[in-house]
Amino acid sequence: MTDQTASPADLATATRAAHVGRGPWVTALRKLRSDSAAVLALFFFLVIVALCLLAPLYATYVAKTDPFRSNLSGKIEVGGETVPIMATSTEGLGLGFTPIGPTWDPTAYMLGADAQGRDVAARLLYGGRNSLLIAGASTLICLILAAIVGLVAGFFGGWIDWVLSRCLDVLWAFPVYLLAISLSIVLISHGVDIGPISINAGSLALPIFIIGIIFVPYVARPIRGQVLSLKESEFVLAAVGLGVPAYRILLRDILPNVTTTLIVFVPLLMAINMVTESALSFLSIGVQQPNASWGTIIQDGQGLLYTRPMVAMAPGIAIVLTVLTLNVFGDGLRDALDPRSKLRIGTT
Amino acid sequence: MISVRTKFAGLAAAAALALSVAAPASAELDPAHKGGTMRLLAVGAGGTIDPHVNYTLQYWQLYQSIYDGLVTFKHAAGTEGFTIVPDLAEELPSPADDGKSYTFKIRKGIKFSNGNELTVKDVVASLQRIFKVKSPTAGGFYAVIVGADKCLEAPDSCTLEGGVVGDEAAGTVTINLTQPDPEIFQKLAVPHAVVVPADSPMTDVGTQPLPGTGAYTIAAYDPNKQLKIVRNPHFKEWSADAQPDGYPDEIDYDFGLTDEAEINAIINGEADWTLDPPPPDRLVEIGTKYKDQVHVNTLTAWWYAPMNVNIPPFNNEKARQAVNYAVDRDALVNLFGGPVLAAPVCQVLPPGFPGHKPFCTYSKDPGEKWSAPDMEKAKALVAESGTAGQEVAVIVQDNAVDKSVGTYLQSVLSELGYNASVKPISSNIQFTYIQNTNNNVQISVSQWYQDYPAASDFLNILFGCGSFHPGSDSSVNIAGFCDKEIQGKMDDALTLAVTDPKGADEMWSEIDKAVMAKAPAVPLFTPKHVDFLSKRVGNFKFNAQYYWIVTQSWVQ
Chain V
1 MTDQTASPAD
11 LATATRAAHV
21 GRGPWVTALR
31 KLRSDSAAVL
41 ALFFFLVIVA
51 LCLLAPLYAT
61 YVAKTDPFRS
71 NLSGKIEVGG
81 ETVPIMATST
91 EGLGLGFTPI
101 GPTWDPTAYM
111 LGADAQGRDV
121 AARLLYGGRN
131 SLLIAGASTL
141 ICLILAAIVG
151 LVAGFFGGWI
161 DWVLSRCLDV
171 LWAFPVYLLA
181 ISLSIVLISH
191 GVDIGPISIN
201 AGSLALPIFI
211 IGIIFVPYVA
221 RPIRGQVLSL
231 KESEFVLAAV
241 GLGVPAYRIL
251 LRDILPNVTT
261 TLIVFVPLLM
271 AINMVTESAL
281 SFLSIGVQQP
291 NASWGTIIQD
301 GQGLLYTRPM
311 VAMAPGIAIV
321 LTVLTLNVFG
331 DGLRDALDPR
341 SKLRIGTT
Chain A
1001 MISVRTKFAG
1011 LAAAAALALS
1021 VAAPASAELD
1031 PAHKGGTMRL
1041 LAVGAGGTID
1051 PHVNYTLQYW
1061 QLYQSIYDGL
1071 VTFKHAAGTE
1081 GFTIVPDLAE
1091 ELPSPADDGK
1101 SYTFKIRKGI
1111 KFSNGNELTV
1121 KDVVASLQRI
1131 FKVKSPTAGG
1141 FYAVIVGADK
1151 CLEAPDSCTL
1161 EGGVVGDEAA
1171 GTVTINLTQP
1181 DPEIFQKLAV
1191 PHAVVVPADS
1201 PMTDVGTQPL
1211 PGTGAYTIAA
1221 YDPNKQLKIV
1231 RNPHFKEWSA
1241 DAQPDGYPDE
1251 IDYDFGLTDE
1261 AEINAIINGE
1271 ADWTLDPPPP
1281 DRLVEIGTKY
1291 KDQVHVNTLT
1301 AWWYAPMNVN
1311 IPPFNNEKAR
1321 QAVNYAVDRD
1331 ALVNLFGGPV
1341 LAAPVCQVLP
1351 PGFPGHKPFC
1361 TYSKDPGEKW
1371 SAPDMEKAKA
1381 LVAESGTAGQ
1391 EVAVIVQDNA
1401 VDKSVGTYLQ
1411 SVLSELGYNA
1421 SVKPISSNIQ
1431 FTYIQNTNNN
1441 VQISVSQWYQ
1451 DYPAASDFLN
1461 ILFGCGSFHP
1471 GSDSSVNIAG
1481 FCDKEIQGKM
1491 DDALTLAVTD
1501 PKGADEMWSE
1511 IDKAVMAKAP
1521 AVPLFTPKHV
1531 DFLSKRVGNF
1541 KFNAQYYWIV
1551 TQSWVQ
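So the protein sequences, as listed, match chains V and A.
Going by my numbering, the first residue of the first sequence is number 1, and it counts up by one from there.
Going by my numbering, the first residue of the second sequence is number 1001, and it counts up by one from there.
Calculated from the structure, these hints are not laboratory results.
Everything numeric in this text was worked out from a predicted model, so none of it was measured.
Do not take every clue at face value.
Here are the simulated DSS-like cross-link-like pairs (lysine-lysine), alpha carbons at most 30 Å apart as the crow flies [claimed, not checked]:
| no. | chain 1 | residue 1 | chain 2 | residue 2 |
| --- | --- | --- | --- | --- |
| 1 | A | K1377 | V | K75 |
| 2 | V | K75 | A | K1289 |
| 3 | V | K75 | A | K1291 |
| 4 | A | K1528 | V | K75 |
| 5 | A | K1379 | V | K75 |
| 6 | A | K1377 | V | K64 |
| 7 | A | K1289 | A | K1528 |
Let the hints inform the model, and build the full structure from the sequences given.
Rendered as structure tokens:
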């Protein structure tokens, strides 16, 4: 039952009073939940992640195919008819061959085959696992590094700030893709072998590391700025005055205050990292064969654009959808956690 | 014949060639078709324009109408193009001094494109220039000339003293050899032995064209843009077999388009031909909609996967044999464009080549022809070799077809139990990279096109001890295969070729089998060549040695 006699002003006061008792996280969550576009985007993103995680099950039990093995002489049943996966042209001079196109049957090359006779649908799901893994892991690396650099530079200032800021300036001076391509060519062509650290040239760790590094300045800069501001706030000055150790101020007072900023970056950075990974893999300097990612599948489809455009289109659509969901969700998250919306990743 | 990239060859065995002595009467060109500008396309240029240095099919194909040597390959369609005919020499000389000396009588009245008359001095200087500019075949082809050893040691002061003797009064040039060489005419017929003016720079001229005596001359060359070829104003036909006049007035060879764009340009009539093979996804289209503009011709070449016999896992013979049994040649033929464009192969010597006798050991049903892969046997061999689980990287060029073949091999190796990966690297460096043993390449994808039709040009060059140079970028025996017993047989075959070419070919057949028994490489397929021409191009002639004879086709 409601109090029919209460005025609108009373109701507003009561609502404000109810909010006063909630923490910022609960408030943010409520705001996020009320943003239907963001919730829908998150739902679709989680569906994409789930589908990609189910790739082995799909390949083994539904499509019954090995998406990493060439199948140039194989045949499949389509509509009760046995057809070759790679059809050699019989018209005209008989030049060339055409992989089977989409059958729209999940059990038989649903999205068709690529130039190696491999199931595009199964590869799409496996490729998605790698693309999402790289985007997620590189985002994590980027945020950890950026947080450390931003916190230390902003809080300690002086020569530490000068050195770290100049390092960021150097990284910032390079166009992002030029830096990514340069690092990839050097590291992915030979692998990494430094002392006890040995990373194979085909390891996913390399694109993760490269992509994780290149966006550090874009996150560390605003974090540093926020820390500079927080450093002058009363509660930090009070802690300093009371003789609280610096590390404790950093961890207990400043870090919690920049956490929301870091969280806002997660989906946005992940979307950008996914596009970067796809670009590098498309250029053969990201994920290496026999691994697949959406970028490598687009590259596989490049040579089939005239005859089997689905090979390139399917991963392209997957990238667009994933990045779209991440961006929409990221916008909602930013609105929920940071109503002033002052933090955005700069133009890359 | 060479491929688009650099390659070199060495001494070889007997060639089953019919050597013609005199040129037939000149074939008349149809005046109605003379004139016009032909536009050719290529993704990239072919490097230096110096005929003594350049070693690409791209320019060798054109040099036949621009430069002349003492002898040349006949400008005729088909395998008649393997025939050696006299060019600047009046006739093919008979050997003297037990096959160690040849005297060429130089034709009179021939002029370079700069207006100067050809002299004996030009011929002698040009043969010296092969060594002075460090021609890639100086050591391989011409080391048999007396004095060549000194020239190879000190190129700048090369005189070929006693090896090349000019007699200006008699108008003759005598070439003396250290030992009989049954392939000397073929070696003198390739562009590295063409004659240029004696006052030409004794260094690689790069982009500055040298005058020649052919029907055409190079007017300008910019490797980033265009190679322009025009008629030689001083040319008068002396032999239609050796240097026929041509139809187009001008040939513009433009660089820089992608292979897809090249096909579109030809379809739209904006260009007449492309050097590059059509992209796989356009083959069906051009083979149906434009089939009248397509010419497919067999090549004496092979695609193969050399396996490094000196490092794991392929230092184990059983591992190498396993890969040979496992590879599905039909699948590879499909990757290359289907049975019309390639044929499965199990041996080194290509079909129709001297010494070729068909056999296929590594097949489900061993016999003369390949039938199917034998994966069970292959897996058993891998198990016996104890190499399963080892890491293997397949090194390929970064173009579409090579990458496809590499990906397929990686798939096969994975199925055999190896931890396989494929590593595409730039086409510009892959060939030298896979030759250098310092790079520890285990298996790669490569191609070999004949320089001239002789079994030695495949077997001795690709699997001879003399072609294996550890630590060098010029070690064309990529597998690093050096079997003393087989090498002895090769040496015997080379010697026998001087007196008994047929007997030598029989020996090469046996050597082919002996090499494949050791499995230093996986023969993949014999490729065919696709020429896609614009509608207006007529009179297409495909020469087995240098492919399409450009200037014998018309554009109007």
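Here is what the structure says about each hint:
1. K1377/A x K75/V: 23 Å, holds
2. K75/V x K1289/A: 28 Å, holds
3. K75/V x K1291/A: Given that 30 Å is the threshold and the Cα spacing comes to 28 Å, the pair holds.
4. K1528/A x K75/V: 26 Å, holds
5. K1379/A x K75/V: 23 Å, holds
6. K1377/A x K64/V: With a Cα-Cα distance of about 25 Å, the restraint between K1377/A and K64/V holds, given a limit of 30 Å.
7. K1289/A x K1528/A: 20 Å, holds
When the structure is compared with the earlier hints, no violation turns up for any of them.
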